[in-house]
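K.L.:
Below are the chains, spelled out letter by letter.
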Amino acid sequence: MSFYSEYLKYKNFQFNKFLENITSSDIFRIINKDKIDEYDFLTLLSNEAEKYLEEMAQKAHQLTVQNFGKTILLYTPLYLSNFCVNRCSYCGFNIENKIKRKKLTFEEIEEEAKAISSTGLRHVLILTGESRKETPVSYIVDAVKILKKYFDSISIEIYPLKEDEYREVIKAGVDGLTIYQEVYDEDIYDKVHIAGPKKNYRFRLNAPERACKARMRNISIGALLGLNDWRKEAFLTGLHAKYLQDKYSDVEISVSLPRIRPHIGVYEDIYPVSDKNLVQIMLALRLFLPRIGITISTRENQKLRDNLIPLGVTKTSAGVSTEVGGHSSKTKSDSQFEISDKRSVIEMKKAILSRGYQPVFKDWMQIDY
Amino acid sequence: MMDKLIIGGIELKSRLFIGTGKFPSKKVIPDVIKSSKTQVITMALRRVDLSSKEENILEYIPKDCILLPNTSGARNAEEAVRIARLAKALGCGNWIKIEVISDNKYLLPDNYETIKATEILAKEGFIVLPYMSPDLIAAKRLVEAGAAAVMPLGAPIGTNRGLKTKELIQIMIDEIDLPIIVDAGIGKPSDAAEAMEMGAAAVLVNTAIATAGDPVKMAEAFGLAVEAGRLAYISKLGPEKKFAEASSPLTGFLNEGEK
Ligand code: SF4
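These protein sequence lines are chains A and B, in that order.
Under the working numbering, the first residue of the first sequence carries the number 1, and numbering increases by one thereafter.
Under the working numbering, the first residue of the second sequence carries the number 1001, and numbering increases by one thereafter.
Isolated chain B (complex conformation) (with noise of 0.2 Å):
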């Protein structure tokens, strides 16, 4: 079966992208990584701390993984262009997650600031993933800006709260020829899966397993989801019906008389 998820040229194994932040200790990353089988792993870029060996968030990351680190901090496109760079220059590749947040209330995504940014760093040659509110006519934008993948929230972030933004993500899926990912407010396997059963290309957790009472396990039941959730929109779900087809049919008595 030819499944496969492409992006910035890499042919990724694994549908489910992790968060570094919330964890109760680093210590307990590399395994949640393993656990979990994912290939994509996001960090802050501002809590890297390169003169510090133990208090350095890269250094609890296996080197086949691929670092996505994200702009987390930056309130305007300028900053996260900076951040970017500096991601760069520090050796985390090229793949970049922008998040422009200028709400310490909700954390909302600023759209309009996301795509300006994407617009800079795509053509400066970084594999740009955004972070978003869901909305179809920005999604467009951030294609035409460059983008390699859209990463729309499910819900406010660190809510858990599912896919609340459900049918917005429908559209987007259906009408974006770029790869989904639902990154933030999924809280449970379920969501997970329920994401990927609408044809969802990935997501990205963090919350939901770094608060967890064992985010290893926990990890696991994540990856399980992701992957069942796939399976089930590449064998295509069965219609929904409305009404049941019952065993013995109401109507059945009109058709007695042919027997």
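Chain A extracted, bound-state conformation (with noise of 0.2 Å):
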């Protein structure tokens, strides 16, 4: 058993003619539920439930105070590399694109560390491009040892890995694991993951799974927004997330909404997910899975992320950069895609606190094993 046999109970299911029979009286009880079950998550994606979006929000900001209190964890991406042997249509790092490549050596993801630990920030997420030549688990194993020095939790956004390297890289001191599936649709995944090893759909589908097993601590889950209807990938995510949350009680499982971002060699065939998406999809979220971690990135405005911090998110990054050496060093990259919020960490901060609630800098430590 893997989520992959969830997926397929609902790989032909009529999402179409489920949504089209969604009534207000049907969103009303849902909405005063204790508990819903996933074809009330569902029920609450439709187009019906986009008119009922405030009652939503007034339950949704509940069950967030109630179970996380008035916080927000803040934590910065830190690119090591932007090598990548694949060819995703929908990302800058791609192997076809002619970009400056960049993979930091050990000096200098010290040097980043410095520049990032200075601002206070004690989270970070380390991303590379899929290259187990050019950044092998080894690399990343060594770069951890360094970042252990600057940081009390270390997460990764890396190609999906095998669970005795998720073992090795845990032992290593990471605690966190990113990794979207981009697009739950089988087949919309095959076109957009053109050629390499990303094309392995269950390979990467089941590493949350592998992880788990690893005896990950976090683990965060998403789609790509804008690569298919986004009702049905929301829904996907939030039962991929429920499948782990269950099977795996002890791991704290987290959702990411990014929405696809221009970048270098823009992709065509978007699905528009706008604002007030985002915003049924965070909330239908928050009401099936009351306890889980919701990450908003700064792939959004400041607006609107601003906006969204009542509604449910737990997590935030501050101080992004998406080049490869973009927090101290002048021999940057390209970047992986355009950022939106280009807010500081102490801006950031300010913000959190303007709107009442507590940016928290530290929500972990290592404990030596």
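By construction, these hints were calculated from the structure, which means they are not laboratory data.
Cross-link-like lysine to aspartate or glutamate pairs, in silico, EDC-like; alpha carbons within 20 Å at most:
#1 A:Lys-33 to A:Glu-50
#2 A:Lys-70 to B:Glu-1055
#3 B:Lys-1027 to B:Glu-1220
#4 B:Lys-1105 to A:Glu-38
#5 A:Lys-213 to A:Asp-250
#6 B:Lys-1027 to A:Glu-347
#7 B:Lys-1116 to A:Asp-250
#8 A:Lys-171 to B:Glu-1078
#9 A:Lys-247 to A:Glu-163
#10 A:Lys-213 to B:Glu-1078
#11 A:Lys-145 to A:Glu-108
#12 A:Lys-70 to B:Glu-1054
#13 B:Lys-1053 to A:Glu-347
Can you join these two chains into the complex? Each is in its own frame, and there are hints to help.
P.N.:
Spelled out as structure tokens, the structure:
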């Protein structure tokens, strides 16, 4: 059993037919329930539910404050390398793109770590493109050993690993994994991942579960919104999160809701996801999974990000650069995508405080094994 | 009147313990402590950031308070023990609240691992306050393991649902020879008062204060409720009756001939 068998249950599900038959009384009934099931969740993603966003928002706000308090965890991504062997049609690091490639040396990693930790951040997320040659697991492990001196929590957003490799990076000090399926629809997945190891849908789909088995602490999953009808993708993301949460109850599961951003070599075939749609996804997710972490990145603009704070967000990035070496070095690479919210850590902190929320810089610590 | 709560050899004047999570800003914590008159403050060690003055929760806790670091984040006894030792090494004193949670959905504690951690830490000289699901037998094991008090939940953490486990907690109060501190679930000052009326030694409140519209005033309300509840307990509540004592009884006529 893996999440793939759950996915198969819905592969031929008549989403449109289900979504068309929803009435306003369905929505009210669900908003007033204590515990909602997966069909209720899908109902909240319907067109009809869009009329009741305020009611959903009130409940989502209440559930979030109850479970997480008025706090937002801050972290920042640290790009180690943008070498990549894949051809993902939506990404600027795609092997076909003629961009400036760069991989940080260990000295440069230390410089970046110093620069980031001087802003007060204690949680860091390291990223690479997919290249087992340029950035093998041993490189990640060595990078983590350096970063451990500066940070309390280190997460990775790299190519999917095997279970024993997850164990290896956890042993080195990694406590969090971020891995997006990008798109749950298997056919679209095949289409947008033109070439490279990332074409292996199931290896990627089962990566979060392998990490759970390896005893990763925090796992963040998500779909890249825009590659398919957002209702289906949001639904499957929620189901995936629930699957992991139910089966691996000691792992903290989070969901991220990234929307496609402009980048070098733009992807044309986009299903639009409006701000309103994004809000609806977030609210439905919170009502479905009250204790799930929800991350919102600097892909979104400042105003939207600030307004999303009371709706269910628990984590956000700050002081972001999507360039390799972007925090300290003068010789930066090209970026993965354009960020929208360019605020510094101090500015982010002030914005969170002014909304009546506490920015949390440290919510984790390594206890050595 | 001699009504003392002594834990780990220390006499506590306030029977309200306060948690420091979930506040909209760390800056309100000193005022919350002041208005509630609490003496014992629990905080997650994982949020303590010694490298930053401003971000370090310890900077917001008055020096005369007793720190009760908790092992939040621990998934088993071994991790709880490591966190406890670390807390001591960082200068947080030798009180420790054991929190072992391997269920991220409801955040329910693992009593079995909690007992194991309690045993190890009590032997090392810690004043151990274990957080648990209310269960008499597990509580007895905690006593044997050397706990200084036992902290059963009234309802799952953060739910503000009140004393859902009342019957089980009452049994623990009646049977266990250690202070019973109701932790988690208390949502209103009246819940806190109720726990105290039942004979709980103290209550720990976090979410209900931290997420209130005015946390400082709510803290004061809880402080007063805990005092009122305790006072009611030691004054021995009048017995509850199923039937009212009617002022004009229905059987009064039977006695009329005797007049
Ligand atoms: S999305 Fe990842 S794997 Fe695909 S091209 Fe970009 S960096 Fe490479």
